[in-house]
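Residue numbers (the working numbering), protein chains in the order written: chain A, 1 to 345; chain B, 1 to 271; chain C, 1 to 292.
Rather than coming from a laboratory, the hints here were simulated on the basis of the structure. Fair warning: this is a prediction, and the values are worked out from it, not measured in the lab. Glycine is no exception: its CB is placed at the ideal position from the N, C-alpha and C atoms. Certain hints may be false.
Stretches of chain C that chain A covers, calculated by requiring three or more beta carbons in the stretch to come under 8 angstroms of a beta carbon on chain A [as the list claims (entries may be wrong)]:
#1 41-47
#2 50-59
#3 90-102
#4 111-120
#5 227-236
Here are a few chain C residues that sit away from chain A, every Cβ distance over 12 angstroms (derived from the structure) [unchecked claim]:
#6 L77
#7 V151
#8 I153
#9 Q187
#10 Y215
#11 L250
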Amino acid sequence: MSNDRLRKDIFVAVAVFAGLAVLPLAAPSSYVLGQATLFLIWAAVVTQWNLVLGVAGILSIGQMALFAAGGYAVALLGLYFSISPWWSLPIAGLAGMAVSLLMGSATLRLRGAYVVVVTLAIAMVMYQLIVTDVECFRKLEIACYSLTGGARGLARFGDFGFTKLFGYKLVATADYLLALACLALGTLFAIVVVHSPYGRAFQAMRDNEVCAAARGIGVAKYQLIVFAAAGFFTGLAGGVYAGVMKTFGPQVLELPTLLFLLSMMVVGGRGRVWGPILGTIALAVVDESFRDLAQWRNTSYALVLILILLFMPEGLAGRLGWLLTDLPSRFGGLFGTRKSTWGQP
Amino acid sequence: MNASATHGNILSVEGLTKRYGAMAAVSDLTFNVKPGEVLGIGGPNGAGKTTLFDTISGVSRASAGTVIFDGNDISNLSAAQICHLGIARTFQLNAVFDTMTVRENLQSSAYFGTRNRIVPSLRFDKEAKEQADEAMEVTGLQELAGTVAASLPILQRKLLMTASAIASRPKLLLLDEPVGGLNSKEIDHCAGVFRRLRDYHGMTIVLIEHIMSFMTALSDNVIILHHGRKLYEGSAKGLADDKEVVEVYLGTAGASAVRAAATERLSHGVA
Amino acid sequence: MLILRDILLSALTLGALYAASSVALSLIWGSVGMLNLAHGAYLAVGAYGSLILVNWLGFPWWAGVIGGAAGGMLMGLITHVLLLRWVFAKPNFEINIIILTMALSTIVIDMINNLIGPTSARQPFNLDGRIDIGGSGIAYQTLLIVAGCAVMIVVLQLVMKKTKLGRAIRAVSQEPTAARLNGIPLQTVVLKVMLLAGFVAGTSGVLLTAFTTVYPTVGLDPLLKALIICVVGGLGSIPGALIAAFMLALVEVLVQYGLGTKWGFPALLVAVVFVLILRPNGLFGQSAQVRN
Numbered sequence: 001m002s003n004d005r006l007r008k009d010i011f012v013a014v015a016v017f018a019g020l021a022v023l024p025l026a027a028p029s030s031y032v033l034g035q036a037t038l039f040l041i042w043a044a045v046v047t048q049w050n051l052v053l054g055v056a057g058i059l060s061i062g063q064m065a066l067f068a069a070g071g072y073a074v075a076l077l078g079l080y081f082s083i084s085p086w087w088s089l090p091i092a093g094l095a096g097m098a099v100s101l102l103m104g105s106a107t108l109r110l111r112g113a114y115v116v117v118v119t120l121a122i123a124m125v126m127y128q129l130i131v132t133d134v135e136c137f138r139k140l141e142i143a144c145y146s147l148t149g150g151a152r153g154l155a156r157f158g159d160f161g162f163t164k165l166f167g168y169k170l171v172a173t174a175d176y177l178l179a180l181a182c183l184a185l186g187t188l189f190a191i192v193v194v195h196s197p198y199g200r201a202f203q204a205m206r207d208n209e210v211c212a213a214a215r216g217i218g219v220a221k222y223q224l225i226v227f228a229a230a231g232f233f234t235g236l237a238g239g240v241y242a243g244v245m246k247t248f249g250p251q252v253l254e255l256p257t258l259l260f261l262l263s264m265m266v267v268g269g270r271g272r273v274w275g276p277i278l279g280t281i282a283l284a285v286v287d288e289s290f291r292d293l294a295q296w297r298n299t300s301y302a303l304v305l306i307l308i309l310l311f312m313p314e315g316l317a318g319r320l321g322w323l324l325t326d327l328p329s330r331f332g333g334l335f336g337t338r339k340s341t342w343g344q345p
Numbered sequence: 001m002n003a004s005a006t007h008g009n010i011l012s013v014e015g016l017t018k019r020y021g022a023m024a025a026v027s028d029l030t031f032n033v034k035p036g037e038v039l040g041i042g043g044p045n046g047a048g049k050t051t052l053f054d055t056i057s058g059v060s061r062a063s064a065g066t067v068i069f070d071g072n073d074i075s076n077l078s079a080a081q082i083c084h085l086g087i088a089r090t091f092q093l094n095a096v097f098d099t100m101t102v103r104e105n106l107q108s109s110a111y112f113g114t115r116n117r118i119v120p121s122l123r124f125d126k127e128a129k130e131q132a133d134e135a136m137e138v139t140g141l142q143e144l145a146g147t148v149a150a151s152l153p154i155l156q157r158k159l160l161m162t163a164s165a166i167a168s169r170p171k172l173l174l175l176d177e178p179v180g181g182l183n184s185k186e187i188d189h190c191a192g193v194f195r196r197l198r199d200y201h202g203m204t205i206v207l208i209e210h211i212m213s214f215m216t217a218l219s220d221n222v223i224i225l226h227h228g229r230k231l232y233e234g235s236a237k238g239l240a241d242d243k244e245v246v247e248v249y250l251g252t253a254g255a256s257a258v259r260a261a262a263t264e265r266l267s268h269g270v271a
Numbered sequence: 001m002l003i004l005r006d007i008l009l010s011a012l013t014l015g016a017l018y019a020a021s022s023v024a025l026s027l028i029w030g031s032v033g034m035l036n037l038a039h040g041a042y043l044a045v046g047a048y049g050s051l052i053l054v055n056w057l058g059f060p061w062w063a064g065v066i067g068g069a070a071g072g073m074l075m076g077l078i079t080h081v082l083l084l085r086w087v088f089a090k091p092n093f094e095i096n097i098i099i100l101t102m103a104l105s106t107i108v109i110d111m112i113n114n115l116i117g118p119t120s121a122r123q124p125f126n127l128d129g130r131i132d133i134g135g136s137g138i139a140y141q142t143l144l145i146v147a148g149c150a151v152m153i154v155v156l157q158l159v160m161k162k163t164k165l166g167r168a169i170r171a172v173s174q175e176p177t178a179a180r181l182n183g184i185p186l187q188t189v190v191l192k193v194m195l196l197a198g199f200v201a202g203t204s205g206v207l208l209t210a211f212t213t214v215y216p217t218v219g220l221d222p223l224l225k226a227l228i229i230c231v232v233g234g235l236g237s238i239p240g241a242l243i244a245a246f247m248l249a250l251v252e253v254l255v256q257y258g259l260g261t262k263w264g265f266p267a268l269l270v271a272v273v274f275v276l277i278l279r280p281n282g283l284f285g286q287s288a289q290v291r292n
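Only chain A is shown next, with the shape it has when bound in the complex (with noise of 0.2 angstroms):
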C-alpha cells in the first residue's frame, strides 16, 4: 500500500527531475535559465517547510531564518576564511539545522498562534540584527564594512567555480543544474520521509495531537526530528543560493519573501508531496505575466494566495488528484485510484 505509493512518487519524481534537468538542451536564454534556477531553489525552500507546516502541521512561518543561516554560513566562511561553497554546504545545512532546532525547540510548548508568532519573531529578530549591524569589522581601503554586511548583504565571497570548470557559457546551465539537484535531494527526502514511519508521525500529530500521545507518539521528539530535518535542507538551498547568486542579503528575510514562499505552498496544497514543485510552477507562471507591473508583484502573489485559499484550499495538487481520480481510463494505471489522496502523505 504505503511502498506502492512511495515507489511510485519515487518514480515520477525521477521522471521529473530527469526532464527538468535536460531542459538547458532547449538552449534557453541565460535570463530564463537564471529564472528557473532561482525558482528551483524556492521550490527545494517549500519542498522543506512543507513538510514542517503541511505535513506535520506545525505552525511555523521563520522558515526564511533557516534559509539565511544556511546562506550567511556560506557567505562569511568564503569572506573571512577564504573556504569554498563547495565545502562550507554541509556547513550551512548545519547552520540551518542549527537554527531550526533553536525555533523547534522554543516552540515546543506551544500552540497554534503562539507558535507563528515566536517563529516570525526568531526571523525578524535576525532580520533586525543584520540590518542594524553596523560596527566596522573591517576596513577596505576607505570603506568600512561590518561583519554581516548590515543591510547591504555580502558580496565577493567566492562562487562554485563553475567559469573555470566549464567556461563562461556555461556558467547559468552549471548553476541550474546544482539548483535542481539540490531540490531533487531535498525532494526524494521529503517523499521517503512521508512515505515512512516518521510521516505517519509527523500525520498523527498534525491530526491529533492528543491522540498521537495516547497513541504512544512522543510529540516533542517528533517535532525536533521534523524541525531538524527540514533546518538541514533549507540551510542547504541557502548555501546554495549564496554561491549561485554571490550575493546574500537580509532582504530574504523579509515579509515579501516569506509571502511569495507561502503562496507557492498553498497554491501547490499544503501537505501534499508534490504541492511545493506544482505551486512554483503557478507562481513562476504568475510571475511572469506581473514582469512589466513590478510594483504590483507583492500584490499579485497575495492575490493568487487569497483566491486560491478561499476556492481550493486544497491546492493544485489537491485538486489535480480530483481530476486525474475522474480520468482512471487513462491515469489510473500510472497514478493509483484512491479517490483524493493523490500526492498526499
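Position chains B and C against the provided structure of chain A, taking the given hints into account.
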C-alpha cells in the same frame, strides 16, 4: 510502593485528585482493577469521569495521588510512556488520525504504541502490520482498510478508535463512552466486539458510559462517580438497589432498565 | 536616581505606545479567535486616514482622529466581507486567516506605496513641549498617547461589559455554537467586532504616528511588537496585553540602556520565550480546555 495493595491488581488508583484551580474534578479517588475484569464507570456529566481517564493515561497530570499499573508507578509518566507500558485509551470525541486510511491509522498505532521507537525504521515492521490486521479483524473493519478515516460513518469511526487502541496489544483498555451517539443496533454490534475482547482476548477493560444498560451488561463491577467522588462501588447487579444512586443518577425508570440489563448479562454468561 | 527616573519615564512612554499598538489585536483574537496579521495595515490606514482628511481635504487637525477611526473601520469591513466571513468557523480557520490577513496586509501596503507614494509625511499635529520634572520631563506627546490610550481602553471595556453587543461578543467568543443556537447571528457579531477593532486600531494608528512620520510600512514594527505583547499577555486578554506592554517596555528600555539600542528587540524575544516556556498560554491567557 506497597506490595500488598497492588497484589493481584493490574491497576491501583490511590487517593487520586485532579484540581482545576479551586475546583476538584476528581478528589481522593481510590479503586483497583483485577486482570480480566471489566469495570464500568458511570455518573452524571461533570462527575470527573473523563478527567479520571486523562490522569490515568497521562494526558494530564494528577494533582495528588498515585496510579500503579502492572507494578509500575505511572503517576508521573507521559502519555506516550504509559501507552508503551500497556494502557491504551479511546476518547469521547472521535479522535482518530483523520487524514490517514484505516490501515495507516492502525499500523501507526501498532508501531508506535507497542514500545518506544528510539530510532524508527523507514518501514513499518511485520509485527506492526500483523497487529494492525488483527485489530481490523476483531473490529470487523477489514473491508474499509483503504478508506480515509475522515470519510467513515460514525459507527466505523468509533470502531476504528477502539481498533487503534487495541492495535498496540495493551494490557488495559480505557474506553471513554464507546457507544455514545450510536443507535441500539449499533450499540449491540459494539457490545459484541467488546465481549469478544473480554472473553477471547482476556482484555482488562475500564469503560465510561452513560448508557447504563450497555454498561451493566458488559461490566463485572461498577463505580458511580458524583462530583469527583465515589458514590457507589460494587457489582452491576447491586446498582439498581442502591438508594443514593437511584436518587442522584439513575432515576426509578433507569433503575429498572439497569436491573433488566444485569439479568440479561447473567443469561449471556450461561449461554 | 536620575537615571532610574529617566528609565522609568522612557518605559512609561514606550509602554503606552505598545499598549496602543496591542489593544485591537488582542480584541480580535479574544473574540473571533483570529490572529490578525493585517493589524499593521490597519494602523497604517488609520494614520493615512488622518493625513488625507486633514492635509488633503482641509479639515481641522482634531478631525484626524475621526479619519483614522474611519480608515480602521474600513479595513475591518474589508477584512470581514472579503476574507473572514468565508473561512470563519471552517476547518483550518486558525492558519487560513493568518495567511489571508498576511496577504491582505501586503496588498494594502502595495496600494499605499503605488497610489499615495512611498515618501513619508507628518501628521498635522502641533503639540511640542513637555512637562518639566527637574531637568527631564514627559513630553506632551506622551501624555496625549497615554490619555488617548486610556480613554480608548475604558470605552472598550464599557462596550464589552455594559452593552448588548459586548455580551454577544463574549458569548460568541466563549461558545460559538451555543451562541448561534441562542439566536445570536454569528456573522453579524463578527462583523461588529471587526468594525470595533478597526475603530480602535485606526485611532491607535493616528496616536502612534502623531509625532513621528507616516510611511507605507509604518505599521509593521508596531505589529511585531503587538504580536509579542499579546502573546506574553495571553492572546485575547486585554488586561494581560496592557500589563505585558508596560513590562516589556521596561525590559526593553533596561536592556537598551545596559547593552545598547540594537539589543532591545532580541531581549524582548528572549523574554517572550522564557515567559512562554513557563506559561505556554501567556501570563493571563486561559489554557483552552480541549475536550477529547
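* Assertion that Y215(C) lies farther than 12 angstroms from chain A (Cβ) -> Label holds. Min Cβ-Cβ 15 angstroms, cutoff 12 angstroms.
* **Reported absence of V151(C) from the contact zone with chain A (all CB gaps over 12 angstroms)** => About 28 angstroms separates V151(C) from the closest Cβ of chain A, which puts it past 12 angstroms; holds.
* To do: Can you take a look at whether the segment 90-102 of chain C is actually covered by chain A? Rule is 3+ residues, C-beta closer than 8 angstroms.
  => As far as the segment 90-102 of chain C goes, the hint holds, because 8 residues have Cβ atoms under 8 angstroms from chain A.
* To do: Please settle this one: Q187(C) was flagged as non-interface, so is its CB more than 12 angstroms from every CB on chain A?
  => holds, 16 angstroms
* Taking a Cβ-to-Cβ distance below 8 angstroms as contact, does the segment 111-120 of chain C have at least three residues touching chain A? -> Coverage by chain A holds for the segment 111-120 of chain C (3 residues, Cβ < 8 angstroms).
* To do: Report holds or violated for chain A covering the segment 50-59 of chain C, Cβ cut-off 8 angstroms, minimum 3 residues.
  => This one is violated; 0 residues, fewer than the three required, reach chain A with a Cβ under 8 angstroms.
* Asked: Holds or violated: the segment 227-236 of chain C covered by chain A, criterion of 3 or more residues with Cβ-Cβ distance under 8 angstroms?
  -> holds (count 5)
* Minimum Cβ-Cβ distance from L250(C) to chain A exceeds 12 angstroms -> Check passes; 19 angstroms lies beyond 12 angstroms.
* With a cut-off of 8 angstroms between beta carbons, are at least three residues of the segment 41-47 of chain C near chain A? -> Check failed, 0 qualifying residues.
* I153(C) remote from chain A - nearest C-beta pair above 12 angstroms -> holds, 22 angstroms
* Please settle this one: L77(C) was flagged as non-interface, so is its CB more than 12 angstroms from every CB on chain A? => Correct as stated: the minimum Cβ-Cβ distance to chain A is 16 angstroms, above 12 angstroms.
The structure does not agree with the numbered hints 1 and 2 stated previously, though it agrees with the rest.
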